[in-house]
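Participant: Could you build all of it, start to finish, from the sequences and the hints given here?
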Amino acid sequence: MRDDVIVLAHGGGGTLGRALLEEVILPELANDALAELGDAAVIESPGGRLAFTTDSFVVKPLFFRGGDIGRLAVSGTVNDLAVTGARPMWLSLGLVIEEGFAVADLRRIVGSAAAAARESGVEVVCGDTKVVGRGEADGIFINTSGVGVVREGVVLSPSAARPGDAVIVSGGLGEHGIAVMSEREGISFETPVISDVAPLWGLVDAVLSTGADIHVMRDPTRGGAAASLNEIAGASGVTIALNEESLPVSAEVSAACDMLGLDVLSVANEGKVLVICPEAEADRVLSACRRHPLGDRACLIGSVGESRGVDLILETAFGGERVVEMPYGESLPRIC
Amino acid sequence: MSPQRLSHDAIDGLVRRIEGAIDRVGRPVRLMEVCGTHTMAIFRSGLRTVLPEGLELVSGPGCPVCVTPPAYLDRAIAIARLDGVTIATFGDMIRVPGSAGTLERERARGADVRVVYSTTDALSLARENPARRVVFLAVGFETTAPGLAATALAARREGLENFLLLAAPKLIPPAMEAVLSGGAAIDAFLCPGHVSVIIGSSAYDQVARAHNVPCVVAGFEPPEILLGIAMAAEQLAAGRSEVEIAYRSAVRPEGNARARAVMDEAFEAVDAEWRGLGVIRGSGLALREHLSAMDAAAAIDVELPSPSEPEGCRCGEVLAGLISPSECGLFGVACKPETPVGPCMVSSEGTCAAHFKYGLASGTHGGRS
Amino acid sequence: MCLAVPAKVMEIDGTTARVDMAGNVREADLTLLPEVRVGDYVLVHAGFAIGAYDEETALATLRDLEEITRASGDEGDAP
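Residue numbers (this note's numbering), protein chains in the order written: chain A, 1 to 336; chain B, 1001 to 1369; chain C, 2001 to 2079.
Because the hints were derived from the structure by calculation, they are not lab data.
Every value quoted in this text rests on a predicted model; they were computed, and no experiment measured them.
There's no promise every hint is true.
[As the list claims (entries may be wrong)] Derived lysine to aspartate or glutamate pairs resembling EDC-like cross-links, with alpha carbons at most 20 Å apart:
1. B:Lys1357 <-> B:Asp1112
2. B:Lys1357 <-> A:Glu23
3. C:Lys2008 <-> C:Glu2056
4. C:Lys2008 <-> A:Glu190
5. B:Lys1336 <-> B:Glu1309
6. A:Lys60 <-> B:Asp1121
7. A:Lys60 <-> A:Glu99
8. B:Lys1357 <-> A:Asp263
9. C:Lys2008 <-> C:Glu2027
10. A:Lys130 <-> A:Glu99
11. C:Lys2008 <-> C:Glu2035
12. A:Lys130 <-> A:Glu98
13. C:Lys2008 <-> C:Asp2020
14. A:Lys130 <-> A:Asp105
15. C:Lys2008 <-> C:Glu2055
16. C:Lys2008 <-> A:Glu252
17. A:Lys60 <-> A:Asp205
18. B:Lys1336 <-> A:Glu23
19. A:Lys60 <-> A:Glu190
20. C:Lys2008 <-> A:Asp258
21. B:Lys1357 <-> B:Glu1309
22. B:Lys1336 <-> B:Glu1311
23. B:Lys1336 <-> B:Glu1317
24. B:Lys1357 <-> A:Glu183
25. B:Lys1357 <-> B:Glu1338
26. A:Lys60 <-> B:Glu1317
Facilitator: The structure is reproduced here in structure tokens:
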């Protein structure tokens, strides 16, 4: 750690966040389940394997095109369980609310959370509410912890990608990040892009039910597909190559990224899943995704190969090649 | 917008044109892309992996983040620490190192530092916060300077006394002259597309004539850049040294006279310091007398540390096109994107950052077979 | 370093225009380009329209390159 203060980027899911984890937090908490650093912890229990995860939500603005913090809080945790191969069963819901927050807004948020829970078949079985003085929290912060039951025989791990595997994404990239950013003070613009925030257990279950041999699943949230695939490649000791022309990106998302100077691969998604499986299984996985409403634009976007000394490479539309590095941790709109 | 897709055949065609031209020149060719946005576009499109042997692309000083001297950052940081001050800045400046620290760290320590996308956003901040002084870090080249000028004039018209500029915009043609006089062996220039929208391609006539270097103004899509390179290579092969426009959809010889007039109303040309290139005569812009009350450097008194460059940092030579990043002893060792020492590694589009990322792609340097 | 994006002018209100960038709509200041009309394409940088953009010319340039490639198998002249 070269800083004695926390900067925003420590929370961005990128390289600085990793440093904070490895140098300050993990040494205190070392245990096998935590060391795996998957999206959810899988624990042996007398009744089989449980998955357990937690996430805090600080999105701004609270209400955005396509969703709100309530929907996000449930979907995010459900999805972390789902990509571990676990049927999400129970969530906790912890609220920290700023004094002066409108009750109507709170009702709306809790309502969204409840709806998302029903969509995923999960129950919010415990919770907590705290209120702090005006100015001491930015509206509302939410934490959800979730427990799921891992499907029999399913072992998904970020370190399981192998040369010869196919890389699949369930649909369009960059929608959540652009939708939220478009309503951020200072860079607002009107856009038809809406957040893709959605609970994905139904889609994941459909893919797992094909019986295909799946190696890795990941939901590419903060840091986008770039962060997730860099992490997976690093953990698995391979090089992942993406094909730029295959990336599903809508024209509006692409234009917004151009305007803001962002790489769509580093923009957050909240309703997408990355699937890495042997190439021979790719068609089966793609069919299963496309039959599901949340996966109808699923496509093959790349492949896994032997390590070439870098984690993630992009074969550009122009016919060239470049490295896609781990995002720093805070997407800044650039002008120069 | 325009589908900027060129068939693989047409790309091959352009590459062959470049190869042919280099053959006729009979020796390796060094082409400087002046503009940091070109460096970024070239890197992101993987264009380097497509170019033939014998053509070397040298990155130039066209990155306002990289050429901002530490003293400017020191002043911005000192001002940021004052009560009642809001710093408004384009995103790239947040992580640039001053002599000790960055704006990002100051924000973490409680300074009010806001990232803005447009200059008018900075004006809005001043309007909405009359009790605070809003200091806008006005950096950029001729693409940005007219907008900075328009904003300053609007602030004056509105009587917004709490809006100030820390002004350090810079001009491209004098920097190109300085690169050549600094001894960098450059055969031709790829000129910045959007700067040229403002200043016009005729702004490069002087450089082309005086130094016998072709100057081709190129756009930012990979096919446009490749076309610009082909045109420059062909000029060299034919022994010509003219100014040509490869970006005809946006650039004209005369540029945007209205934008230049607005720029001229608010700013005057002064000598300016470029990190690594030293002081270049007439290469910067300062607020004119009638706007001097808006000049944050004059209006706000702060104590500054003595400016220092990080030890061993050779960003200056990289920006001047004298060395490539890998020739700097810190490159890839002490200086990497996560632990940047100098500004060329800080900006995700800085030359050293681009080379660092590109250099890791194995087996694909130089060209296609 | 200058990111500027082509945009179509949808509405003009004094010195401000609403411009469309492939479906994303933003405001742009027209102080530097006062003669622009609705339906024109402009380049937008840092919230300002800085110059006119001729999409036809951009497309024509690409078309020419394709033509030259098809017509000859070797180096052609500059377009």
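Participant: If a hint holds in the structure, say so; if it doesn't, say that too.
Facilitator: Comparing the hints with the structure gives:
no., hint, in the structure
1, B:Lys1357 <-> B:Asp1112, "violated (32 Å)"
2, B:Lys1357 <-> A:Glu23, "violated (25 Å)"
3, C:Lys2008 <-> C:Glu2056, "holds (13 Å)"
4, C:Lys2008 <-> A:Glu190, "holds (14 Å)"
5, B:Lys1336 <-> B:Glu1309, "holds (17 Å)"
6, A:Lys60 <-> B:Asp1121, "holds (19 Å)"
7, A:Lys60 <-> A:Glu99, "holds (17 Å)"
8, B:Lys1357 <-> A:Asp263, "holds (15 Å)"
9, C:Lys2008 <-> C:Glu2027, "holds (11 Å)"
10, A:Lys130 <-> A:Glu99, "holds (10 Å)"
11, C:Lys2008 <-> C:Glu2035, "holds (14 Å)"
12, A:Lys130 <-> A:Glu98, "holds (9 Å)"
13, C:Lys2008 <-> C:Asp2020, "holds (5 Å)"
14, A:Lys130 <-> A:Asp105, "holds (16 Å)"
15, C:Lys2008 <-> C:Glu2055, "holds (10 Å)"
16, C:Lys2008 <-> A:Glu252, "holds (14 Å)"
17, A:Lys60 <-> A:Asp205, "violated (31 Å)"
18, B:Lys1336 <-> A:Glu23, "holds (19 Å)"
19, A:Lys60 <-> A:Glu190, "holds (17 Å)"
20, C:Lys2008 <-> A:Asp258, "holds (15 Å)"
21, B:Lys1357 <-> B:Glu1309, "violated (24 Å)"
22, B:Lys1336 <-> B:Glu1311, "holds (15 Å)"
23, B:Lys1336 <-> B:Glu1317, "holds (17 Å)"
24, B:Lys1357 <-> A:Glu183, "violated (32 Å)"
25, B:Lys1357 <-> B:Glu1338, "holds (12 Å)"
26, A:Lys60 <-> B:Glu1317, "violated (42 Å)"
Comparing the model with each numbered hint stated earlier shows that hints 1, 2, 17, 21, 24, 26 do not hold.
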